[in-house]
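Undergrad: Chains A and D supply the protein sequences, listed in that same order. Mapping to this note's numbering: the first sequence position 200 is 200, numbers consecutive. Mapping to this note's numbering: the second sequence position 88 is 88, numbers consecutive.
The set of hints was computed from the structure by calculation and includes no laboratory data. A few of these clues could be false.
[To be verified] Below 35 Å or equal to it, Euclidean Cα-Cα: the simulated DSBU-like pairs (lysine-lysine) are:
| id | chain 1 | residue 1 | chain 2 | residue 2 |
| --- | --- | --- | --- | --- |
| 1 | D | K43 | A | K232 |
| 2 | A | K3 | D | K45 |
| 3 | D | K43 | A | K3 |
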Amino acid sequence: MGKSLKASGRKVVAIANQKGGVGKTASVIQISSGLARRGERVLAVDGDPQGNLTLFFGNRGKRDFGSLVGALLAGESIDMSHFINRNVRKNLDLLPACNKNLRMELSDEMIIASYDRFAETIATLRGQYDWILIDSSPSNGPLERLIIRASDAVIIPLEFQLFSVAGLESILGEVSACTDETGRDIKVHSLIFTKAENRLNRVQTYREVFSSFHIPIFEICKSEYISRSLEKSRTIWECGPASFAARDYSRVIERGFLETP
Amino acid sequence: MTNSDKVKHRLQELTGSISGAIDSAGNDETVDYEFSASYSAPKAKMLEGKWEVVEHTVDGAAYADGFAKRTFGEGAANDVYEAEYDFSGCVCVKRVVVHGTVDAGDGRIECEYRMSMVLARELNGDVLSVRPLIGYQYTMVDGDTASIRDLPEAGEWIKIKISFDNGFLTLTDGTDVKKLGRMGE
């Protein structure tokens, strides 16, 4: 396995893919809560206007992600305690997203203008948290760049599907562009293949092809426990701790995030 | 070309530039592909239990003969080679006995090598990773103990390819190939 995020000092991690339905939010839920259960202090940021991460963990009247971007643009002095829900789970805080109309209310130019201030705001939180995980939306635009530019690393969930894989080149290009523009070394750390089904010949073919890639790749099996987890707003650790899916996410956390040489 | 070959070919065409983009971003080391636990679990279950080596070759040549010569000298001949692997829990206990004779000038004398080792183990798809935890080696020449050595814990994991075929387990570590059968069968 390559260097873990902890070993390489990268603590702000975007979970991103321009393709929808690949398991970004599900992965943020399970990884952030799994890290928190291991005693790590974690902030999960819902950067997706759809707000599914917020739907899962709940929002206790805090201002949301879109409001934060708007406040940064307006030059307001930011008190993050107005935006962060403390302890949605033990050791896990949430910066919610509640505004599905965000893209209509904030133009691309406005979002672009907030790039640097948003990155600085996230950077100020580094001392308070061991990890900041940011859920992004399934599209390719300034909102996604806002998140990537503020991150140290990107993890890309995808499926064993041609359309899912086809989008990889695009997001790799986005990360590369953000690295060039910011002068920061933003790394695509790993890929996570979700919904793995061993019975499918296609999956074996994808495994053969991707096993030669020089990037850590994890698999999360297709699991009714994950569906149940999302339906009931209970993490995989709460509703299926002994399941294969929980073991798969544990491997992501232990090998991809925490392992030290 | 089968449908599977067509899918693979199309996927390789699509991922060729992706692989290049990943490499040019500074990722150039070989890393593990981490299979889902659901993929490894059936094989892990098949691995459990005691196995004995029924065939062991290195570079195509019988292991035991070469080992006896390396351990006891060019004149050594092997007559017993027993190796067993006991996979249980998260460890493997490996035991090896090589027994033979060596030319002492005025006749042949008996010599024996024994090794017992406990290894940590992890299975990821078809790759079994093992790491020595504790063990010992013992050699005897002509009835007398020639050496006893503790085998310390090792930091490096050794990766071995495993496969099952017709009830036999094959462990492949480069050119070192062991074929094992269930003990007691």
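Undergrad: Look at each hint and say if it fits the structure.
TA: Outcome of the hint check:
1. At roughly 33 Å between alpha-carbon atoms, K43 (chain D) and K232 (chain A) fall within 35 Å of each other, so this suggested pair holds.
2. At roughly 30 Å between alpha-carbon atoms, K3 (chain A) and K45 (chain D) fall within 35 Å of each other, so this suggested pair holds.
3. In summary, the hint linking K43 (chain D) to K3 (chain A) is supported, as the alpha carbons are separated by about 28 Å, within the 35 Å threshold.
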